[in-house]
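*Asks:* Listed here are the chains, written in short residue letters.
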Amino acid sequence: MADEDNGSNLQQFKEGVLSNNPVLVQLLGMCPTLAVTNSVENALVMGAAATFVVVMSNLITSALRNLIKPHVRILIFTLTIATFVTIADLTLKAFMYKVSLQLGAFIPLIIVNCMIICRAEVVAIKNGVGRSLADAFGIGIGFTLALLILGVVREWLGSGTITFPFADPISVMPAAFTANGHNWIIMILPPGAFLTLGVVVGISNQIRARREKGGAA
Amino acid sequence: MSFGGLIAIFLGVALVNNLVFQGFLGICPFLGVSRKVDMAFGMGCAVTFVITVSGVVTWLIVHAVLTPIGGAIGHTEALYFLKYVAFIMVIASMVQLVEMYLRKFFPGLYTAFGVFLPLITTNCAILGTCLYIDMKPETQHLLNAAVYAFGGGIGFLVAITIMAGIREHIRFSDVPKCLQGAGITLLVAAILALAFTGFTGIGK
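As they're listed, the protein sequences go chains A and B.
Each residue of the first sequence is one higher than the last, beginning at 1 in our numbering.
Each residue of the second sequence is one higher than the last, beginning at 1 in our numbering.
These aren't lab readings, by the way, just hints derived from the structure by calculation.
Hints may be right or wrong, so weigh each one.
Stated by the list, open to error - Derived lysine-lysine pairs resembling DSS-like cross-links, with alpha carbons at most 25 Å apart:
(1) LYS213/A <-> LYS14/A
(2) LYS69/A <-> LYS126/A
(3) LYS93/A <-> LYS136/B
(4) LYS136/B <-> LYS98/A
(5) LYS36/B <-> LYS136/B
(6) LYS14/A <-> LYS126/A
(7) LYS213/A <-> LYS177/B
Here chain A stands alone, though its shape is the one from the complex (with noise of 0.2 Å):
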């Protein structure tokens, strides 16, 4: 029985990075992802302050699901997350306070995020604590890989460079690249946002469609 139940959180798990990644599969969530993947430090920094605050959210909402009337779950979930992120905001603004000024709106933002209430809603509501932190802890991987994945694009042709937290920025194209304005500034820019992502979620559609053909075959 034990054995069983670690099997499908292992499954949830994996679901949420892979087969069900919240970005590049469910495209929720976008408006982080294109606003704060112009680094690899930002996307790094929000992908982890959106899994603080889905594990938080998801925990709390399947430990009280029993307690929750149906007719007030959206504000009780709305108003869980709005504590967490506040709290993650809070700490950023302490701990991280360059990032936090770049991230600006977009931490308070992660509360109408609707890939965190699309999980209290689907998951935490329905199920117990264990399977609920393990599909919270695959979301939020696998949200902080899709930024990572964006964000290294998006850095490395906008600015040549990759900018890891608490380091300096990298150089990873030749000194010609960035000498004379010869970067491509356009994909730091909002139009690099969304080119990027349509290139990115093409690519891994056509990755899914080739992936199920050689299943059934």
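Fit chain B to the supplied structure of chain A, relying on the hints for placement.
*Replies:* Same frame as chain A, now just chain B:
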């Protein structure tokens, strides 16, 4: 502030810093509800309405409730940690209020908006605009905040209507299979965002 200043705020937020193309707000309805022009237009109108009302009310919450009470207990910013919870409560109840008001006094408009009204609560364009009004120095006065919120709503309306117009035509074109749906919409949005970048510099 002068009339010209208000016009500058309006154009600045509606075109130059368009919510969708420059601010990345409201992307979910922008992708989800932009299949048909009439639906997109209805969504845009509903958002404009709610954004203006909640922009004004959240401005009042910060300047007429949280700041004076905070001042009374020692520090004007003492209660600012309540901002996010207060904002989302205001938006959720504004949407409810607008829904009830429309159902009672404008039943025609109510049926036209349909399911879009309740969905607006989780539209990040609304909360985003309220947060920007709270952060920006030029929205210190109530009138400026109202114009800013209204301009943001109009910007969203313009963006989603243009997108729906383009998508109605894309239906007849031969899109690669892996890009159908969200992929091609995002690529079109990239080109539109490029076009809106051309507005940069107006009103400065």
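*Asks:* Could you run down the list of hints and mark each one as holding or not?
*Replies:* Status of the hints after comparison with the structure:
no., hint, result
1, LYS213/A <-> LYS14/A, "21 Å, holds"
2, LYS69/A <-> LYS126/A, "13 Å, holds"
3, LYS93/A <-> LYS136/B, "18 Å, holds"
4, LYS136/B <-> LYS98/A, "18 Å, holds"
5, LYS36/B <-> LYS136/B, "35 Å, violated"
6, LYS14/A <-> LYS126/A, "19 Å, holds"
7, LYS213/A <-> LYS177/B, "14 Å, holds"
In the structure shown, a violation is registered for the earlier hint numbered 5 alone.
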